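A.B. asks: Listed here are the chains, written in short residue letters.
Number of protein chains: 2
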Amino acid sequence: MAVEIVYRSSRDPEQLFMDKAEADRHDKMLELAETLGEVLQQAVPELGEKLAEEVSIYMARHRDLFAKAFKSNPDVLSSLAEDNAEA
Amino acid sequence: MAVEIVYRSSRDPEQLFMDKAEADRHDKMLELAETLGEVLQQAVPELGEKLAEEVSIYMARHRDLFAKAFKSNPDVLSSLAEDNAEA
Numbered sequence: 004m005a006v007e008i009v010y011r012s013s014r015d016p017e018q019l020f021m022d023k024a025e026a027d028r029h030d031k032m033l034e035l036a037e038t039l040g041e042v043l044q045q046a047v048p049e050l051g052e053k054l055a056e057e058v059s060i061y062m063a064r065h066r067d068l069f070a071k072a073f074k075s076n077p078d079v080l081s082s083l084a085e086d087n088a089e090a
Numbered sequence: 004m005a006v007e008i009v010y011r012s013s014r015d016p017e018q019l020f021m022d023k024a025e026a027d028r029h030d031k032m033l034e035l036a037e038t039l040g041e042v043l044q045q046a047v048p049e050l051g052e053k054l055a056e057e058v059s060i061y062m063a064r065h066r067d068l069f070a071k072a073f074k075s076n077p078d079v080l081s082s083l084a085e086d087n088a089e090a
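Just so you know, the sequences run in chain order R and A. Number 68 in our numbering belongs to position 65 of the first sequence; there are no gaps in the numbering. Number 46 in our numbering belongs to position 43 of the second sequence; there are no gaps in the numbering.
So that you can see chain R by itself, here it is in the shape it has in the complex (with noise of 0.2 angstroms):
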């Protein structure tokens, strides 16, 4: 037995890191998706809050993909239709 340290995101308590580095992305995906979540449900109420969080979530864990797609290439999304269709 012996003390050892873990890593969490305040957003998310129960999720435990043995990497801090993790545990920052964790954090960040987490913050991303928040404020996506806020700024979702005040343009369109009819969302509600569980939905504008789980579009959210989502586009927080693939933020890089769509960073490139609002960017500039909506194309690059289509790797992502593919994974879905698969799961």
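These are calculated hints, taken from the structure and not from any lab test. Be aware that one or more of the hints could be misleading.
Identical copies carry no separate label here, and so any pair may be met within one copy or between two of them.
[What the hints assert, rightly or not] Straight line, CA to CA, 20 angstroms or less: simulated SDA-like cross-link-like pairs of lysine to any residue:
| no. | residue 1 | residue 2 |
| --- | --- | --- |
| 1 | 71 | 86 |
| 2 | 31 | 10 |
| 3 | 31 | 85 |
| 4 | 74 | 18 |
| 5 | 23 | 34 |
| 6 | 31 | 81 |
| 7 | 31 | 15 |
| 8 | 31 | 14 |
| 9 | 71 | 28 |
| 10 | 31 | 61 |
| 11 | 71 | 60 |
| 12 | 71 | 48 |
| 13 | 31 | 19 |
| 14 | 74 | 24 |
| 15 | 74 | 61 |
| 16 | 53 | 75 |
| 17 | 74 | 25 |
| 18 | 31 | 70 |
| 19 | 71 | 20 |
| 20 | 74 | 27 |
| 21 | 31 | 76 |
| 22 | 71 | 14 |
| 23 | 31 | 56 |
| 24 | 23 | 5 |
| 25 | 31 | 77 |
| 26 | 71 | 61 |
Keep in mind that this is a model prediction, so the values were computed, not measured.
Once you have looked at the hints, place chain A on chain R.
C.D. replies: For chain A alone, kept in the frame of chain R given last:
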């Protein structure tokens, strides 16, 4: 009376533009919204077509801000949240 040139996106034939660059921007916005809508609806089927489209058009209209938010800085979206609150 005279014949004049107007421009439109084939994705939205009813909307006519006097300026080709504006028609281009509108077409690119709709292209992004269409791709986003498909991906989001696949990822979160409960969204349904109408909500997926509304969310996607909203984000596509503000694509520059969302590009920045996804790339690095979610805080840029706070200016949108304020606009929504005023609207």
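A.B. asks: Now tell me if each hint is right for this structure.
C.D. replies: Checked hints:
1. 71 <-> 86: within (17 angstroms within a copy, 25 angstroms between copies)
2. 31 <-> 10: For residue 31 and residue 10, only the intra-copy Cα distance (14 angstroms) is at most 20 angstroms; the inter-copy one is 42 angstroms.
3. 31 <-> 85: Intra 26 angstroms, inter 22 angstroms, cutoff 20 angstroms: neither.
4. 74 <-> 18: Neither: 32 angstroms inside a copy, 24 angstroms across copies.
5. 23 <-> 34: This pair counts as within: shortest intra-copy Cα distance 16 angstroms, inter-copy 39 angstroms.
6. 31 <-> 81: Answer is between: at 16 angstroms across copies they meet the 20 angstroms cutoff, but 24 angstroms inside does not.
7. 31 <-> 15: Answer is within: at 11 angstroms inside a copy they meet the 20 angstroms cutoff, but 37 angstroms across does not.
8. 31 <-> 14: Within. Shortest intra-copy distance 10 angstroms satisfies the 20 angstroms Cα cut-off; inter-copy 36 angstroms does not.
9. 71 <-> 28: Close inside one copy (18 angstroms) and across copies (17 angstroms); limit 20 angstroms.
10. 31 <-> 61: Classified as within: same-chain Cα gap 14 angstroms, cross-chain 23 angstroms, threshold 20 angstroms.
11. 71 <-> 60: Intra 17 angstroms, inter 17 angstroms, cutoff 20 angstroms: intra and inter.
12. 71 <-> 48: Cα proximity of residue 71 and residue 48: none, with 27 angstroms in one copy and 23 angstroms across.
13. 31 <-> 19: within (15 angstroms within a copy, 42 angstroms between copies)
14. 74 <-> 24: Between. Shortest inter-copy distance 18 angstroms satisfies the 20 angstroms Cα cut-off; intra-copy 26 angstroms does not.
15. 74 <-> 61: Answer is both; intra-copy 18 angstroms and inter-copy 15 angstroms each pass.
16. 53 <-> 75: Classified as neither: same-chain Cα gap 29 angstroms, cross-chain 24 angstroms, threshold 20 angstroms.
17. 74 <-> 25: between (26 angstroms within a copy, 18 angstroms between copies)
18. 31 <-> 70: Answer is both: 14 angstroms inside a copy and 16 angstroms across each meet the 20 angstroms cutoff.
19. 71 <-> 20: Classified as neither; 28 angstroms inside a copy, 28 angstroms across copies.
20. 74 <-> 27: between (24 angstroms within a copy, 15 angstroms between copies)
21. 31 <-> 76: between (23 angstroms within a copy, 10 angstroms between copies)
22. 71 <-> 14: Neither, since 26 angstroms and 22 angstroms both go past 20 angstroms.
23. 31 <-> 56: So residue 31 and residue 56 pass the 20 angstroms test inside one copy only (15 angstroms; across, 27 angstroms).
24. 23 <-> 5: For residue 23 and residue 5, only the intra-copy Cα distance (19 angstroms) is at most 20 angstroms; the inter-copy one is 69 angstroms.
25. 31 <-> 77: Between copies only: 9 angstroms across, 23 angstroms inside.
26. 71 <-> 61: Both: 15 angstroms inside a chain and 17 angstroms across chains, each within 20 angstroms.
Violation of the numbered hints given earlier is confined to hints 3, 4, 12, 16, 19, 22; the remaining hints are satisfied by the structure.
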